[in-house]
Amino acid sequence: MEIKHYQEVPDHVLIHGDAVQVADTTESVVEIVQWLAEHGIVAYASPQSGFLAANLLIPEGINSYYQTGGIVLPTDWVLIEKIDNGINKGNRAVILPDWDFNRRFRGPDDDRRGYRFPRTFDLSLRFDHLR
Amino acid sequence: MTQWIKKPEYAESVVVPNNEFGDHPMHNWAEVPDWLQKAFDDRVISPRFGGEDYWYYDVKSHGRTYPASPDDLIVRDSHGHIDVRKKYSIEAEYDVVEDSTAEVTSPPVPVYLPRAWSSELVQIGTAKLGVDNTQVIITVDIPNLVDARVGAVKRILNGDLALSFIMHEKGEV
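Chains as they are written, first to last, in our numbering: chain A, 1 to 131; chain B, 132 to 304.
Hints listed in this document are in silico derivations from the structure and should not be mistaken for laboratory results.
These numbers were taken from a predicted model, which means no experiment stands behind them.
Cβ coordinates follow ideal geometry from the N, Cα and C atoms, glycine included.
Watch out, some of these pointers could steer you wrong.
[Unchecked claim] Facing chain A, a subset of chain B residues (Cβ under 10 angstroms, in silico):
1. Gly182
2. Ala199
3. Asp226
4. Val227
5. Pro274
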């Protein structure tokens, strides 16, 4: 299990922490469960069909812009974010699919800055009722 | 001792589209087969906006709810079970079925016509046999032909197909 520090790509980064990618083996899932437990996040490994690995189940954490809980599938990423906002203090898991994690978060060897995510709304869908 | 071999498994899949929060979650699906529509209607699959700028689709499968995010596959196996898979994992277990709707076409073969009052055969053009999953298509290319229709299927014997044509060549009355 390779743990690296990742942070959001934009310079005004608020979210950062250590992250791992889930592999399709039960050993990987068990390692991540133990790693999360070390940071006070209770997760579960549970058998399932489809993938080789057991399911990685993480209960919903403190409210976040990102997913904090649910079933994490192989190749998805889990990032542990420290929370200390005066009211809540602790850690929460941020869960993202691989393609989205890679565009939003950069590792120690990645010098991307200020990347803006493309938004391609089809406005015609929003204003259909006005026609 | 009796030896067994597992029967082949057949599965269908659709790729989860990247529908942003401004999109309707049912937009941008490349195709919505009947089983997928039924899964939505029966709430086996439910769109969920999870905080990022795109829709997730919660899929109830094997007693749990699995999140399908853009680029994941929603798979229906031959038993009717619906599941969420990553592309690598289904490729490890299944081979892609070649597109059954693709047309397979033979190389051109000569078309002969008996010369009048003689048993000599004269090549008047070429023909190609095409097959897709619904029909057999015979494409006949005969230069100088202005009109033709198939008169009858003459015979099918040993894999040979003979057709009779009623045709008019240029200049023929």
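Each hint, compared with the structure:
1. Gly182: holds (5 angstroms)
2. Ala199: holds (9 angstroms)
3. Asp226: violated (17 angstroms)
4. Val227: Since chain A brings no Cβ nearer than about 18 angstroms to B/Val227, farther than 10 angstroms, the hint is violated.
5. Pro274: violated (50 angstroms)
Hint compliance for this structure: hints 3, 4, 5 are broken, all remaining hints hold.
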